[in-house]
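Trainee: The residues making up each chain are set out below.
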Amino acid sequence: MAKILSSISCNLDENILTAALPLFEAEKVEAIEWSFDTLFKFRNIPPWFVELLNTFCRENRLIGHGVYFSLFSGGWSKDQQDWLTHLEKVSAAFQFDHISEHFGFMTGENFHQGAPLPIPFTSTTLAIGRDRLNRIYHACKCPVGLENLAFSYSPDEVKRQGEFLDQLVAPVNGFIILDLHNLYCQSHNFNLEFDGIIQFYPLHRVREIHISGGSWEDSHTIPGKKIRRDTHDDEVPEEVFRLLEQVIPKCPHLKYVVLEQLSNGLDTAHKRKLFRQDFIKMDNIIKKGNHQQPELAEHVFLPSMALVFGKPVEDKQLQVQQSVLSNILETATTCLHAAQLLQSSILSNTDWETEKWEPYMLETAIAIAQKWKNGFA
Amino acid sequence: MKISKLLLHAMLVAVTTGIISSCEKPTVDGDKKPKTEKSKTGSTPDGCPACGMG
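Residue numbers (numbering that gives the first Met the number 0), protein chains in the order written: chain H, 0 to 376; chain V, 0 to 53.
Think about it this way: if two alpha-carbon atoms lie no more than 16 angstroms apart in a straight line, the pair counts; the simulated EDC-like pairs of lysine to aspartate or glutamate are:
#1 V:K4 to H:E24
#2 H:K272 to H:E234
#3 V:K1 to H:E29
#4 H:K2 to H:E58
#5 V:K1 to H:E50
#6 V:K4 to H:E50
Hint data in this document are derived by calculation from the structure and do not stem from the laboratory.
Extracted from the complex, chain H is given alone in its bound form:
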């Protein structure tokens, strides 16, 4: 296998860069992941940040991670076309080693307001997802991948996501980002063993792993139940480090392990120190993993044949369903209220299987949708 690179999620952000600067100085950061679509509000990137990107670019150690494309939106929007045009331009300026996006569709009417939520695993959503990945590949001309989503409405959905991801990326011969904290969330939220979840994932497609921290939230529907949320604002739990150790030998084509933390979790000197300690801990596990793995040629995650595409695949019914769901989640006053609205909506008795949704996860979906409907602070 190729050498696994200790990486950080690195954006144009004061807290993140302040936290990471000592790691850069110590030459510990081996690759960076940049969310290239989070700078949409700014006309110019500072020259020093461009140079930072170019420094890693020259060593083929810059990877791109999209946030806003909304891969599974039933309709095709001008915003998505603009996103692809932006990706094409950014890819011409910076040679990415790969580009990835998130699983799910974004709630919210506006492109940059909302949060990604799951979709039903159907032939329709599969066709839409494959079409979008194909378009991303044509825009960036490098390997394309998808990250597993932390949020699920039911344990059944957790077990099916890995296989669906495999089917999605197959035509572009893409890769998967295995976010271990997302699996940690699912494991806790549905009382599932990690081994029981990981067995459903195509680990031969894992080229990147994410680790991060998160937070606990009390459920109102089940008193005493704590929901784990992937808020990226705290230290990496010890259990996630153990999962990393456990999973590295099972991913023969793993190349990047990325430590993710958001700015709001790095606003004090103490938190920045903890971030660096997490990085060193991650780096030590990776170094150990590198020694244990046999030397194999780097796997090429590129389509084996030329791919063509015509008009964007769309499904108006799915589009309407997503709009109705977003509206319910963003406006419901309680979980019971949302359940009643869902029961009397067009989503009832459909592939969405809202009848099987765990109430405490519906409650969490409401919290997420209402948190993000106004976009970034």
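Assemble the complex: chain H is given as a structure, and chain V must be docked to it using the hints.
Mentor: Coordinates of chain V only, in the frame set by chain H:
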């Protein structure tokens, strides 16, 4: 990975003097909001929603 001293210095200057955050909403002309204004609107979240559980 090695980063040039010049770049490290430029980064140090940028983080010391304050740079625009990609996770903060700018004003219409693209300038960063004053920090005092941000603290007054504490009910809106920082960060990014991409993980799906944020």
